[in-house]
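Peer 1: Sequence:
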Amino acid sequence: MNLLAVTKKRFNSNSLNIALSFVSRAGGAATGFIIIPFVIQAIGKEEFGLYLSIVSFFFILQVFDFGLNNILKNELSGYIVNNKIAKASSLYTNSVIAIAILFVILLLIISYIRIWDSEIINKIFNLGPNQSKWTNYFYIIATIALVNYLAQPGINLYYSLGKTYLAYFVNFIGQFLGLVLFIMVNNKVDDKILLTILLIYGFPAILNFVSVLALQFSKKNKIKFKVKAYNKNLILNTLRKSSKFFIIQIASVTQFQLGNFMVSLYFKPEFVTEYNTYSKYFSVSQILLTIISTPYWINFAKLNAVNDYLGLEKELVKFRKLVFGISAILVLEYLVGPFVFNIWLGRNVTYNYNTSLFIMLYYITFINGAVYVIFNNSISLLKIQTISSIASVAIFVILFDQLAQTYGIISISIALIASNFYGIIIAPIQAIKYLNSKDINAISLIEH
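At position 314 of the sequence shown (counting the first as 1) the number is 396 in the numbering used here, and the numbers step up by one without a gap.
For the record, the hints were derived by calculation from the structure and aren't laboratory data.
From a predicted model like this one, the values you see are computed outputs, not experimental measurements.
Some clues are possibly wrong.
As the list claims (entries may be wrong) - Below are the SDA-like pairs computed for lysine to any residue, each with C-alpha atoms no more than 20 Å apart in a straight line:
{"no.": "1", "residue 1": "K465", "residue 2": "K515"}
{"no.": "2", "residue 1": "K274", "residue 2": "G126"}
{"no.": "3", "residue 1": "K308", "residue 2": "V292"}
{"no.": "4", "residue 1": "K245", "residue 2": "I369"}
{"no.": "5", "residue 1": "K306", "residue 2": "K465"}
{"no.": "6", "residue 1": "K301", "residue 2": "I369"}
{"no.": "7", "residue 1": "K308", "residue 2": "A182"}
Stated by the list, open to error - Restraint ranges, calculated between C-beta atoms of paired labels, are given here:
{"no.": "8", "residue 1": "K465", "residue 2": "I195", "range": "30 to 38 Å"}
{"no.": "9", "residue 1": "I116", "residue 2": "N208", "range": "26 to 34 Å"}
{"no.": "10", "residue 1": "S300", "residue 2": "A476", "range": "25 to 33 Å"}
{"no.": "11", "residue 1": "I167", "residue 2": "I195", "range": "51 to 59 Å"}
{"no.": "12", "residue 1": "K350", "residue 2": "I167", "range": "49 to 57 Å"}
{"no.": "13", "residue 1": "N208", "residue 2": "I511", "range": "37 to 45 Å"}
{"no.": "14", "residue 1": "K350", "residue 2": "A182", "range": "35 to 43 Å"}
{"no.": "15", "residue 1": "N389", "residue 2": "N204", "range": "51 to 59 Å"}
{"no.": "16", "residue 1": "I496", "residue 2": "V399", "range": "27 to 35 Å"}
Glycine residues also receive a C-beta, built at the ideal position from the N, C-alpha and C atoms.
Use the sequences and the hints to build the structure in full.
Peer 2: Following this line, the structure appears as structure tokens:
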């Protein structure tokens, strides 16, 4: 049996991977929805807004892997499909070492702020005199975020091995157990904010880290961290290749993950809670996209590695059709929003058709553009996206700043849509052009 036949046989497991991922991720999503009213009731709307702002702030750590985890995901997938286990282990080892070095640097920076310039935390999050306790909470959240940061190469190894569902399942169990423990001890603990941080944010992160250690010591896993595989030149070369992903990630974090943080700078903390609640509601689409996108990303990388461009085009068409279906779910969510909000949150947050409309439109444009962005990322087609990402950051910040005072909370959705011009316009053109260059009639991407 030739390599291409073996590869196609392996790809048949992609549907099973997606199905199992869906079950695990759906459980995590359901837990995430259940968490919100419990936490709001326990710590209050304003305190929950501050908690969300700080947690969102630490999504910045995703940027400071300098794109290394995405390169790791792409190249590991290629090595695995071609059965180059030694090269895969070497790449994984040196990626872990690079992340560990960056981890130490970030830890030193945070420690410096704590010792010499703790007032900067108050300034960033507009903390008043009666909110000084949040400075300590900030450093606890920082510690948990760093632990999660250190686990990411291992999580990406799960993805590359075709075990996306297992990584999602571990995260779901962490969320679920954290919620159960929170409900059980909530009335017995005075510091409910600390309890929220440790159980709701911390428990999944710690469990992720433990699962990565378990993979390292598993006898079935052949790709492991080996100190003797250390190669300084490989680390530097990988970081050079990942530099484009680094720039792209800055834009991604600014446009999406820092939404709560930007809202907190311009509006009161309770607006952060309301914005996050709407985003959480419509983020079902993003959760569904995440469920199917990681297996497809790995599949694209593997098909490209064995030069199966016809298979690549077919997989892209399938991926796009699935995302069209998710778009229909978003419209349905918008229409039944008042009913769902009444059951979900009662009187804590009132459903606003105008605000939810713009957030829905953002998610529709985001997930449909993401189809082609993910495809381009998986085959490392990054040059134009890197340049566009720099422009998108400026568009997002400037537009949000100009619109915030006039249009209020919907201005962030408008700014996010405008700054996603690469995904909406440029990425589809790039994907079709790439497939056409491989003698594949990519016009079918438009016809289907």
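Peer 1: If a hint holds in the structure, say so; if it doesn't, say that too.
Peer 2: Here is what the structure says about each hint:
1. K465 to K515: Roughly 14 Å separates the two Cα atoms, so the pair holds.
2. K274 to G126: holds, 10 Å
3. K308 to V292: Judged against 20 Å, a Cα distance of about 18 Å means the pair holds.
4. K245 to I369: Given pair K245, I369 holds - Cα atoms ~17 Å apart, limit 20 Å.
5. K306 to K465: violated, 31 Å
6. K301 to I369: violated, 32 Å
7. K308 to A182: Roughly 14 Å between the alpha carbons, so the hint for K308 and A182 holds.
8. K465 to I195: 30 to 38 Å: holds, 36 Å
9. I116 to N208: 26 to 34 Å: With a Cβ separation near 30 Å, I116 and N208 satisfy 26 to 34 Å, so the hint holds.
10. S300 to A476: 25 to 33 Å: violated, 45 Å
11. I167 to I195: 51 to 59 Å: Violated, since I167 and I195 (Cβ atoms, about 42 Å apart) do not stay within the stated range.
12. K350 to I167: 49 to 57 Å: holds, 54 Å
13. N208 to I511: 37 to 45 Å: holds, 42 Å
14. K350 to A182: 35 to 43 Å: With a Cβ separation near 40 Å, K350 and A182 satisfy 35 to 43 Å, so the hint holds.
15. N389 to N204: 51 to 59 Å: Distance hint for N389, N204 holds at roughly 56 Å.
16. I496 to V399: 27 to 35 Å: holds, 31 Å
Of the numbered hints stated above, those contradicted by the structure are hints 5, 6, 10 and 11, listed in ascending order.
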